[in-house]
Amino acid sequence: MTLAAAADPDAEPTPARARRAAPLRVDAAPLESVELPRTAGGWSCVYADPPWRFTNRTGKVAPEHRRLDRYDTMTAPEIASLPVADVVSANAHLYLWVPNALLPEGLAVMQGWGFRYVSNLVWAKRRKDGGPDGRGVGFYFRNVTELILFGVRGSLRTLEPGRRQVNMIETRKREHSRKPEEAYDLIEACSPGPYLEMFARYARPGWTSWGAESGDDVAPRGRQYPAYR
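In my numbering, the protein residues as written are 311 to 539.
Note that these hints are calculated values from the structure, not bench results.
Every residue, glycine too, gets a C-beta built ideally from N, C-alpha and C.
Do not take every clue at face value.
To be verified - Label-pair distances were calculated between CB atoms; the ranges are:
1) Ala350 x Phe451: 42 to 52 Å
2) Pro515 x Phe451: 36 to 46 Å
3) Gly464 x Glu345: 16 to 26 Å
Generate the whole structure from the sequences, applying the supplied hints.
Below is the structure:
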């Protein structure tokens, strides 16, 4: 399976039965051959959930992350080498998901893509009763949070709603590696478009989606739960 850009978000959807989104797979094609979608003037906002590779000090995949074998992963240098800087505007925002254990790698990827780190957003995973969802993994602590690193290229400020937005999303966890839908609403309220989503599972109206499962005939799966306010 190869990575490919989704069709123009303004195009009419193909009248076919929607496929259910599968875990993202990234093939082993040389990264220098990867082409990212482009738009006139460059993307003003990029949202990315890379398939991070977890390894221990021996260089092997960490045992607690063997379940990640269900989809192909990429090393931090491979992710950082993607030509994001070539397709974004001189003034742009980046929202980059990074596992807690790979924070230094996430910062390196952000720099490699031409952005500087300025802040972060925390996804606090909740149970039905509102308490922390303790089903996460971790060697030192059981993780109930994930991070979105927020980076800026140039001098682009957040929109007015962003200056009132708290840096936390609290909602229920869904299927493996699926991120909360609330992140899209937050991004659209806080950052101007045009919007590019990288490593997308499915297409979203008003966005250009780049990923192995982001075709217009791929539908989200899993129940969506309301956020905890």
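Status of the hints after comparison with the structure:
no., hint, verdict
1, Ala350 x Phe451: 42 to 52 Å, "46 Å, holds"
2, Pro515 x Phe451: 36 to 46 Å, "38 Å, holds"
3, Gly464 x Glu345: 16 to 26 Å, "23 Å, holds"
Hint compliance for this structure: every hint is met.
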